[in-house]
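Colleague: Here's the letter readout for the chains.
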Amino acid sequence: MASQQQFSALKGKKVLMVGAGGIGCELLKTLALSGFQDIHIIDMDTIEVSNLNRQFLFRQSHVGQSKAKVAREAVLKFRPHIKITPYHANVKDPDFNVDFFKQFNVVLNGLDNLDARRHVNRLCLAAEVPLVESGTTGFLGQVTVHVKGRTECYECQPKPAPKTYPVCTITSTPSKFVHCIVWAKDLLFAKLFGDKNQENDLNVHSSDVASSSEKAEYVFERRKDEDIDQYGRRIYDHVFGYNIEVALSNEETWKNRTRPKPIYSSDVLPNGLVQQNGNLDKNCATDDLSSVSAMASLGMKNPQDIWSLMENSRIFLEAFKLFFMKREKEIGNLTFDKDDQLAVEFVTAAANIRASSFDIPLKSLFEAKGIAGNIVHAVATTNAIIAGLIVTEAIKVLQSDTKNYRMTYCLEHPTRKMLLMPVEPFEANKSCYVCSETPLKLEINTRRAKLRDFVEKIVKAKLGMYFPLIMHGSALLYEVGDDLDEDMVANYAANLEKVLSELPSPITSGITVTVEDMKQELTCNINIKHREEFDEEKEPDGMLLSGWTRASSVEKDDNKPIGNGGSTSNASVEVEKNDEIRTVPSGKKRKVREVPMAAAQDFSNAADGTRNHNELEVIVDEDDFLMLGQDPGINKKKRLQ
Amino acid sequence: MDGEVLTEQETALYDRQIRVWGVDTQRRLSKAHILVCGMKGTVAEFCKNIVLAGVSSLTLVDDRVATEEAISANFLIPPDENAYGGKTLAELCCDSLKDFNPMVRVSVEKGDVSSFGGDFFDKYDVVVASCCSLATKKSINEKCRKLSKHIAFYTVDCRDSCGEIFVDLQHHRYSKKKLDENIECQLQYPSIEEAISVPWRALPRKVTKLYFAMRVMERFEEVEKRNPGDVSSADLPGILKLKKELCEANSLNESHVPDKLLERLVMCTREFPPVCAIIGGILGQEVIKAISGKGEPLKNFFFFDAMDGKGIIEDISSPDSGS
Chain Z
1 MASQQQFSAL
11 KGKKVLMVGA
21 GGIGCELLKT
31 LALSGFQDIH
41 IIDMDTIEVS
51 NLNRQFLFRQ
61 SHVGQSKAKV
71 AREAVLKFRP
81 HIKITPYHAN
91 VKDPDFNVDF
101 FKQFNVVLNG
111 LDNLDARRHV
121 NRLCLAAEVP
131 LVESGTTGFL
141 GQVTVHVKGR
151 TECYECQPKP
161 APKTYPVCTI
171 TSTPSKFVHC
181 IVWAKDLLFA
191 KLFGDKNQEN
201 DLNVHSSDVA
211 SSSEKAEYVF
221 ERRKDEDIDQ
231 YGRRIYDHVF
241 GYNIEVALSN
251 EETWKNRTRP
261 KPIYSSDVLP
271 NGLVQQNGNL
281 DKNCATDDLS
291 SVSAMASLGM
301 KNPQDIWSLM
311 ENSRIFLEAF
321 KLFFMKREKE
331 IGNLTFDKDD
341 QLAVEFVTAA
351 ANIRASSFDI
361 PLKSLFEAKG
371 IAGNIVHAVA
381 TTNAIIAGLI
391 VTEAIKVLQS
401 DTKNYRMTYC
411 LEHPTRKMLL
421 MPVEPFEANK
431 SCYVCSETPL
441 KLEINTRRAK
451 LRDFVEKIVK
461 AKLGMYFPLI
471 MHGSALLYEV
481 GDDLDEDMVA
491 NYAANLEKVL
501 SELPSPITSG
511 ITVTVEDMKQ
521 ELTCNINIKH
531 REEFDEEKEP
541 DGMLLSGWTR
551 ASSVEKDDNK
561 PIGNGGSTSN
571 ASVEVEKNDE
581 IRTVPSGKKR
591 KVREVPMAAA
601 QDFSNAADGT
611 RNHNELEVIV
621 DEDDFLMLGQ
631 DPGINKKKRL
641 Q
Chain S
1 MDGEVLTEQE
11 TALYDRQIRV
21 WGVDTQRRLS
31 KAHILVCGMK
41 GTVAEFCKNI
51 VLAGVSSLTL
61 VDDRVATEEA
71 ISANFLIPPD
81 ENAYGGKTLA
91 ELCCDSLKDF
101 NPMVRVSVEK
111 GDVSSFGGDF
121 FDKYDVVVAS
131 CCSLATKKSI
141 NEKCRKLSKH
151 IAFYTVDCRD
161 SCGEIFVDLQ
171 HHRYSKKKLD
181 ENIECQLQYP
191 SIEEAISVPW
201 RALPRKVTKL
211 YFAMRVMERF
221 EEVEKRNPGD
231 VSSADLPGIL
241 KLKKELCEAN
251 SLNESHVPDK
261 LLERLVMCTR
271 EFPPVCAIIG
281 GILGQEVIKA
291 ISGKGEPLKN
301 FFFFDAMDGK
311 GIIEDISSPD
321 SGS
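Read top to bottom, the protein sequences are chains Z and S.
At position 405 of the first sequence the residue is numbered 405 (my numbering), and the sequence of numbers has no breaks.
At position 301 of the second sequence the residue is numbered 301 (my numbering), and the sequence of numbers has no breaks.
Treat the hints with care, as some may be off.
Listed below are the simulated BS3-like cross-link pairs for lysine-lysine, each with C-alpha atoms no more than 25 Å apart in a straight line [claimed, not checked]: (1) LYS69/Z to LYS224/Z; (2) LYS178/S to LYS69/Z; (3) LYS176/Z to LYS110/S; (4) LYS177/S to LYS417/Z; (5) LYS294/S to LYS417/Z; (6) LYS176/Z to LYS92/Z; (7) LYS69/Z to LYS83/Z; (8) LYS148/Z to LYS163/Z; (9) LYS77/Z to LYS98/S; (10) LYS225/S to LYS403/Z; (11) LYS87/S to LYS143/S; (12) LYS177/S to LYS98/S; (13) LYS417/Z to LYS176/S; (14) LYS87/S to LYS77/Z; (15) LYS178/S to LYS176/Z; (16) LYS417/Z to LYS225/S; (17) LYS149/S to LYS110/S; (18) LYS441/Z to LYS403/Z; (19) LYS260/S to LYS149/S; (20) LYS260/S to LYS417/Z; (21) LYS430/Z to LYS159/Z; (22) LYS255/Z to LYS176/Z; (23) LYS301/Z to LYS31/S; (24) LYS417/Z to LYS209/S; (25) LYS31/S to LYS149/S; (26) LYS403/Z to LYS260/S; (27) LYS13/Z to LYS92/Z; (28) LYS110/S to LYS417/Z.
Quick list of simulated restraints, FRET-style, between CB atoms [claimed, not checked]: (29) GLU296/S to THR402/Z: 45 to 51 Å; (30) ASN182/S to SER308/Z: 22 to 28 Å; (31) SER308/Z to THR7/S: 37 to 43 Å; (32) PRO102/S to ILE306/Z: 29 to 35 Å; (33) GLU296/S to ILE306/Z: 27 to 33 Å; (34) LYS87/S to GLY481/Z: 55 to 61 Å; (35) ARG173/S to HIS238/Z: 50 to 56 Å; (36) GLU330/Z to GLU184/S: 37 to 43 Å.
Far from chain Z, by Cβ distances over 12 Å, these chain S residues were calculated [to be verified]: (37) GLN9; (38) ILE18; (39) VAL108; (40) ASP125.
Please keep in mind that the hints were generated in silico from the structure rather than gathered at the bench.
Ideal placement from N, C-alpha and C gives every residue a C-beta, glycine not left out.
So here's chain Z without its partners, still in its complex pose (with noise of 0.2 Å):
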């Protein structure tokens, strides 16, 4: 396999790496290592220090720097004579379009993002250029190949969904440490220090009168002349006491649960007690604001540690003082960001005191900013091995030795005595949307859904398109571009806000929109249905979409809606799901001779729970592989050759 023959494949042939993290560092040491000339390596990231225990290529000295530049430097030292060409820009820009992605062999992803994955998806099958794909996630990981007319595409499997939670359970009856996280992050750290122009649950009750509603908006500005820690405070009994007072003035809620407790800052912090032992002076030494640290001044150091009520209580006081005190040009357009310490303290602080008034279990800040910031648990074996893997993979690809393609999982625990257990890659999904082009069904409102929504809902966030455009029959009705002119421009604008009945060109029931991205070179055909209501816990976007592969994971909640105060808003609380594992693609049916169940555990695990336990149809011939079930209502198993 190392020889002449396999060094020849190389030679004069063109690489697309995206992505120069994890994966990507271990990927480009490895391709320079094995012969590859003519690496191209796109990633838009600059270099973190939580990168460097694992993306080896970066030091310290780095950190700032583009993570793309720094590796194509590092690699050179010692393969100094191969072309490495990296770009410090987004895969998903217009400049890497259909004619860019061309001009290469293969093309291998090592990112960390279900979108970017899609979109590399998209433009490989419009390129017909092959695709190595992986990801890893603690000690799993995979590596899949996606060739054109030969195998499944990316997107011919579902993918684990952004996970998301009912407003109802965030705003009312949280009852996992996670959904007073996405309170804490999502609405009182965006309703207090981010756009206030933006939709915000934060003040949602079951009993709400509009009066009270109206007020409450400005409970949350400043008052005139109100000192820095009266306001802290106030805004503190406001979420913590006032609002679980009225969330508790309605009994029906609490039939079945345990009441929470309403907690005010007079009870867990005397009076004069923050000014006493903050010490603001340990923050003046510096002028980075990105320093700035409630644990610094008060005296704190472990972020393993778990805080009392009253450490997290000071905390929440010195963090929102520190942000009005050393950030306050930001106030108003911050959003949450894990690497902003003060930001992971006043949510880990909010969380844990929201935590204690419903008996939740608190935790430390370094679980706290691992569940808020989605952080992806990732060592460098596990990307290491994973790299070795797509090399292999992509000199089969190069020498076209199609019949050995294999989609390979390196597992925690062996399965069958394997721990990297490598399975024939599938057929393509005959009613996969993106590499078969079936129409999509969608039920929608089509009297109320304005084309905002649908563009938003349906366009963007689930088809995954960027520059899309939306045609009814010849009739254009919306589209994304430079080019475009003024009185275009205006005409789409006035497009969006129209209900979808009312459109120039209406759509109705029963009638068929074509969707397309230029870009992408994909075209969708959607036939619509129109449908009166939705359920607004199991269908939160007010429309569904069917024929469409990816899985559905709204957490099923076990409480009851709570009367139908509601929300200013449909759309629950999204939160992002790390993707960088894909799991064993799942079946309804399956002929099981043998079922390693560990295998299936793991990736089970690794989606979170929200896949089924997967089964593995085991050849049991020695020479042989493994091969994974498949629904066979949508899909024989087949052999490629």
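Based on the hints, put chain S in the right spot on chain Z.
Modeller: For chain S alone, kept in the frame of chain Z given last:
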């Protein structure tokens, strides 16, 4: 170990991996001393992994000078011979590895590893032997076993697109998670000498062919007094003859050791970089497991062949010895 807190610097640097293996494992790693002998591509990969993980110290032994073959799969050494200045492989690797993590002490020990006594190995928690003869591996293994301290011993080698790891954790206690509960377990390992002396016919029928092929290669180098990996296509007839003899002596059907496989191992002795990455990664994970005492370690061989893509664990120990 209790009560000690990782520094802020450690917490920031190791954040992502602490989320995988926990603070306790990170603390244990930061106290572990690792010795590696034989610096080729696979060991370079392992060293990178273990330095990034944050062990206390890593000591390298390899007095050979850099040759094109020795660095073909080693990213720690730049290809510019003028920059070597008479340095050994271990010294060149050490220079690079130091940069990977300022919190890990990387150093070089000079000398022939086979001449080192028990006192020498007593300083380490983990010993990895590569690119050395079977006799050397056996002797290091025995020296480690004689010490009262439990040293985790590994050998690792890659030929062509195949790789092999051997593990001897002697008597190893560990905890593993089962249904959210930690259960205490233990495993008894044979030494390398005991393991490879298990008669072939006593092994399970499905043992990977690679196990036998690697033993044939090892034996050939031993009887011909070759340096490790020093074989060429001219040796193929001799190797095939030896295979026949070994199969006969072990009453094993020759089809368990295909000529094609031996041919691959003979024709291309260079390491294949993707396999170095894979084997070096698995070895890194196993060493971390052994140090942490958490999770079931592999017992006692691991094989990977890029040709079929399988990464297989084989337990090669004599059933009656309880090991």
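Colleague: Against this structure, judge whether each hint is valid.
Modeller: Hints and how they fare:
Distance restraint check for LYS69/Z and LYS224/Z: the Cα-Cα separation of roughly 50 Å exceeds the 25 Å cut-off, and the hinted pair is therefore not satisfied. For the given pair, LYS178/S sits about 44 Å from LYS69/Z by alpha-carbon distance, which is inconsistent with the 25 Å threshold. Annotation: proposed proximity of LYS176/Z to LYS110/S is violated, straight-line Cα distance about 57 Å (limit 25 Å). A distance of roughly 19 Å separates the Cα atoms of LYS177/S and LYS417/Z; the hinted pair therefore holds under the 25 Å criterion.
Between LYS294/S and LYS417/Z the CA atoms are separated by roughly 19 Å; this keeps the pair inside 25 Å, and the hint holds. The hinted pair formed by LYS176/Z and LYS92/Z fails the criterion: a straight-line CA distance of about 36 Å is larger than 25 Å. Between the alpha carbons of LYS69/Z and LYS83/Z the distance comes to roughly 13 Å, so the proposed pair stays at or under 25 Å and holds. Among the hinted pairs, LYS148/Z with LYS163/Z is inconsistent with the structure: their alpha-carbon atoms are about 30 Å apart, more than 25 Å.
Among the hinted pairs, LYS77/Z with LYS98/S is consistent with the structure: their alpha-carbon atoms are about 16 Å apart, no more than 25 Å. Between LYS225/S and LYS403/Z the CA atoms are separated by roughly 41 Å; this puts the pair beyond 25 Å, and the hint is violated. Taken as a hint, the LYS87/S and LYS143/S pair is broken in the structure, with Cα atoms around 29 Å apart against an allowance of 25 Å. For the given pair, LYS177/S sits about 35 Å from LYS98/S by alpha-carbon distance, which is inconsistent with the 25 Å threshold.
A C-alpha spacing of about 18 Å is found between LYS417/Z and LYS176/S, which places the hinted pair at or below 25 Å, so the restraint holds. For the hint pairing LYS87/S with LYS77/Z, the CA-to-CA distance comes to about 18 Å; that is within 25 Å, so the pair holds. Of the supplied pair hints, the one linking LYS178/S and LYS176/Z holds, its CA atoms being roughly 23 Å apart against a limit of 25 Å. A distance of roughly 34 Å separates the Cα atoms of LYS417/Z and LYS225/S; the hinted pair therefore is violated under the 25 Å criterion.
For a cut-off of 25 Å, the pair hint linking LYS149/S to LYS110/S stands: about 24 Å separates their Cα positions. With a C-alpha separation of about 36 Å, the suggested pair LYS441/Z and LYS403/Z falls outside the 25 Å cut-off, and the hint is violated. Our distance criterion of 25 Å between C-alpha atoms is broken by LYS260/S and LYS149/S, whose separation comes to about 43 Å. Between LYS260/S and LYS417/Z the CA atoms are separated by roughly 24 Å; this keeps the pair inside 25 Å, and the hint holds.
For the proposed pair LYS430/Z and LYS159/Z, the alpha carbon gap of about 17 Å is at most 25 Å, so the pair holds. Of the pairs offered as hints, the one joining LYS255/Z and LYS176/Z holds, with about 19 Å between alpha carbons and a cut-off of 25 Å not exceeded. A threshold of 25 Å between alpha carbons decides the hint, and for LYS301/Z with LYS31/S the separation of about 22 Å falls inside it, so the pair holds. Under the criterion of a C-alpha separation no larger than 25 Å, the hint pairing LYS417/Z with LYS209/S is consistent with the structure, at around 14 Å.
The hinted pair formed by LYS31/S and LYS149/S meets the criterion: a straight-line CA distance of about 15 Å does not exceed 25 Å. Distance hint between LYS403/Z and LYS260/S is fulfilled; the C-alpha atoms sit about 19 Å from each other, no more than 25 Å. At most 25 Å may separate the alpha-carbon atoms for a hinted pair to count; LYS13/Z and LYS92/Z meet this at roughly 24 Å. The suggested pairing of LYS110/S with LYS417/Z is violated, with an alpha-carbon distance near 39 Å, which exceeds 25 Å.
Between GLU296/S and THR402/Z the Cβ separation comes to about 37 Å, which falls outside the hinted range of 45 to 51 Å. Between ASN182/S and SER308/Z, the C-beta spacing of about 27 Å keeps the proposed range 22 to 28 Å intact. Roughly 24 Å separates the CB atoms of SER308/Z and THR7/S, a value that falls outside the hinted 37 to 43 Å. Between PRO102/S and ILE306/Z the Cβ separation comes to about 30 Å, which falls inside the hinted range of 29 to 35 Å.
For the pair GLU296/S and ILE306/Z, the supplied restraint of 27 to 33 Å holds, since their beta-carbon distance comes to about 30 Å. The beta-carbon spacing between LYS87/S and GLY481/Z, approximately 59 Å, falls within the hinted interval of 55 to 61 Å. Against the hinted window of 50 to 56 Å, the Cβ-Cβ separation of ARG173/S and HIS238/Z comes to about 54 Å, which satisfies the hint. In this structure the hint that GLU330/Z and GLU184/S lie 37 to 43 Å apart at CB is violated, the actual value being about 51 Å.
At the 12 Å boundary, the C-beta of GLN9/S falls inside the reach of chain Z, the nearest C-beta of that chain being 9 Å off. With a least beta-carbon separation of about 8 Å from chain Z, ILE18/S fails to lie farther than 12 Å from that chain, contradicting its non-interface assignment. Every Cβ of chain Z is farther than 12 Å from the Cβ of VAL108/S; the closest lies at roughly 19 Å, confirming the non-interface assignment. Separation of ASP125/S from chain Z is adequate, the least Cβ-Cβ distance of about 18 Å exceeding the 12 Å criterion.
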